[in-house]
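Engineer: Take a look at the letters that make up each chain.
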Amino acid sequence: GEDVEQSLFLSVREGDSSVINCTYTDSSSTYLYWYKQEPGAGLQLLTYIFSNMDMKQDQRLTVLLNKKDKHLSLRIADTQTGDSAIYFCAGPYTGGFKTIFGAGTRLFVKA
Amino acid sequence: SQTIHQWPATLVQPVGSPLSLECTVEGTSNPNLYWYRQAAGRGLQLLFYSVGIGQISSEVPQNLSASRPQDRQFILSSKKLLLSDSGFYLCALRQSSYEQYFGPGTRLTVT
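If you read the protein sequences in the order shown, they are chains A and B. Our numbering puts the first residue of the first sequence at -8, with every later residue one more than the last. Our numbering puts the first residue of the second sequence at 42, with every later residue one more than the last.
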């Protein structure tokens, strides 16, 4: 079935760039998403990318999509301690009702 | 804009006791509604989704059930809780293809 996989942990120093990677199996996904979850809270949409795009930039965030390899990445430039959170990669199921989430990557930012 | 309310925020229940978690939404009509569970250190597991009043789809067979008695109300229930039901329960809505909005979550501890 459809699946989204992510590495579980990433640790970076404040000011460095963070790159969080994701692979997916559903090639029919129209949109792919990155959500952020801060401790004890719900998820908030960070950014999304249409499947016909290769790259999307939004301030410190850059999303790269490699459709051939079914690989999605999120780059956070100049990572700050406030960026410490869990980041979820997600894509809609072909039926359009369900979104398949990865397990989440926990980003630790060291001061 | 859409707002999702969940209550209670935290709950501690003994094994074998019943459960009722409530989710209500504002600022939207006829949304798709979702219940997710996030176990400690794990990703999001879709439990139920609903495309309308009285319409419930179950993703994972378990001792939980869901109901949607009103357009903006989604309830998660159990007759007898298990230890494995502990987790962070998130209600979400989807109005368009672009994103899901998540509630603040309910942390359930079964003792």
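Everything labelled a hint here was simulated from the structure, so no lab data went into it. Beta carbons: idealized from backbone N, C-alpha and C, even for Gly. Some hints could be false.
[Said to hold, decoys possible] Chain A stretches covered by chain B per the calculated footprint, using a threshold of three residues with CB under 8 Å from any CB of chain B:
(1) 0 to 6
(2) 57 to 64
(3) 89 to 101
[Stated by the list, open to error] Distance windows between CB atoms, simulated:
(4) Gln71/A with Thr44/B: 25 to 31 Å
(5) Leu(-1)/A with Ser99/B: 35 to 41 Å
(6) Ser(-2)/A with Lys120/B: 36 to 42 Å
(7) Asn71/B with Lys58/A: 41 to 47 Å
(8) Gln86/B with His62/A: 20 to 26 Å
(9) Arg83/B with Val10/A: 21 to 27 Å
(10) His62/A with Gln43/B: 27 to 33 Å
(11) Asp69/A with Gln103/B: 41 to 47 Å
Engineer: It remains to establish, for every hint, whether it holds in the given structure.
Structural biologist: Results for each hint:
1. Note: the segment 0 to 6 of chain A has 0 residues with beta-carbon separation from chain B under 8 Å; the three-residue rule is not met and the coverage is violated.
2. Here the segment 57 to 64 of chain A counts 0 residues with a CB under 8 Å from a CB of chain B, which misses the bar of 3, and the coverage is violated.
3. Figure legend: the segment 89 to 101 of chain A, annotated as covered by chain B; annotation consistent (6 residues with Cβ-Cβ distances under 8 Å, at least 3 required).
4. Checked against the given bound of 25 to 31 Å, the beta carbons of Gln71/A and Thr44/B, roughly 28 Å apart, stay inside it.
5. Range check, Leu(-1)/A to Ser99/B: about 28 Å between beta-carbon atoms, so the 35 to 41 Å window is missed.
6. Taking the beta carbon of each, Ser(-2)/A and Lys120/B are about 38 Å apart, inside 36 to 42 Å as hinted.
7. A hinted range of 41 to 47 Å for the beta carbons of Asn71/B and Lys58/A is inconsistent with their spacing of about 33 Å.
8. One distance hint, 20 to 26 Å for the beta-carbon pair Gln86/B and His62/A, holds here, with the actual separation near 24 Å.
9. Checked against the given bound of 21 to 27 Å, the beta carbons of Arg83/B and Val10/A, roughly 22 Å apart, stay inside it.
10. Taking 27 to 33 Å as the suggested C-beta distance range, the pair His62/A and Gln43/B conforms, at roughly 31 Å.
11. At about 43 Å, the beta-carbon gap between Asp69/A and Gln103/B stays in the expected band of 41 to 47 Å.
Of the numbered hints stated above, those contradicted by the structure are hints 1, 2, 5 and 7, listed in ascending order.
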